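Residue numbers (the numbering used here): 174 to 353.
Straight-line Cα separation of at most 25 Å, DSS-like style, residue types lysine-lysine; simulated pairs:
| hint | residue 1 | residue 2 |
| --- | --- | --- |
| 1 | Lys244 | Lys202 |
| 2 | Lys244 | Lys208 |
| 3 | Lys260 | Lys208 |
| 4 | Lys251 | Lys202 |
| 5 | Lys202 | Lys260 |
| 6 | Lys208 | Lys251 |
Worth flagging that the hints you see were computed from the coordinates, not collected in a lab.
Since this is a predicted model, take the numbers as computed values, not measurements.
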Amino acid sequence: MHTDRFENETAFNLLAEPAHQRLLYGALKAANVTKGHPQFEDCVTVAHLTWLAAYQNYAPALPENLPDFRKFAFRRIKWRTVDYLRKQTLRTQAQVPLEKAAELSITPMTQCEQAWQLTDLLTQLLAQCRPGERIYLVEFFLAEQTVPMIMRTHGVSRRTVYNWRASLLVKARAIYAQAR
174 MHTDRFENET AFNLLAEPAH QRLLYGALKA ANVTKGHPQF EDCVTVAHLT WLAAYQNYAP
234 ALPENLPDFR KFAFRRIKWR TVDYLRKQTL RTQAQVPLEK AAELSITPMT QCEQAWQLTD
294 LLTQLLAQCR PGERIYLVEF FLAEQTVPMI MRTHGVSRRT VYNWRASLLV KARAIYAQAR
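Start from the sequences and build out the full structure, keeping to the hints where you can.
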């Protein structure tokens, strides 16, 4: 493998010859890339870099094996260009249009943020609750039980459950006011 600067300069000097320029553009044409292609300039750059890589990786001595090197470089340029275009196509196909990206990213994030805020609020409330309030918080929000079900489960009156709820609301407002 030839990687020093002098060898790289030699590779580009070899590429500057008209016959090798035709080879490079012929390989691009074989990969269906013409001057009208939207990524033509990018493909030419890829072809130049591929020429350099082919020159560096070609093992036999070059002046004697130049015809074989031309075939090797042509194939390398053609297939590297095809791979480059395939990757670019896959990348653009995987992208979401800007109009739809806003809907996709912001809406779920807003829902996640609301869930995080609710979880944070419930955690703070749970830390400040008295035993009866804790019962209401766990049963109503986490177990999703109704007021009559909470009454029956814990043997308390409706008024007691409503008092737990009222005191929880006062504490929740205080926590929410601190957060702002």
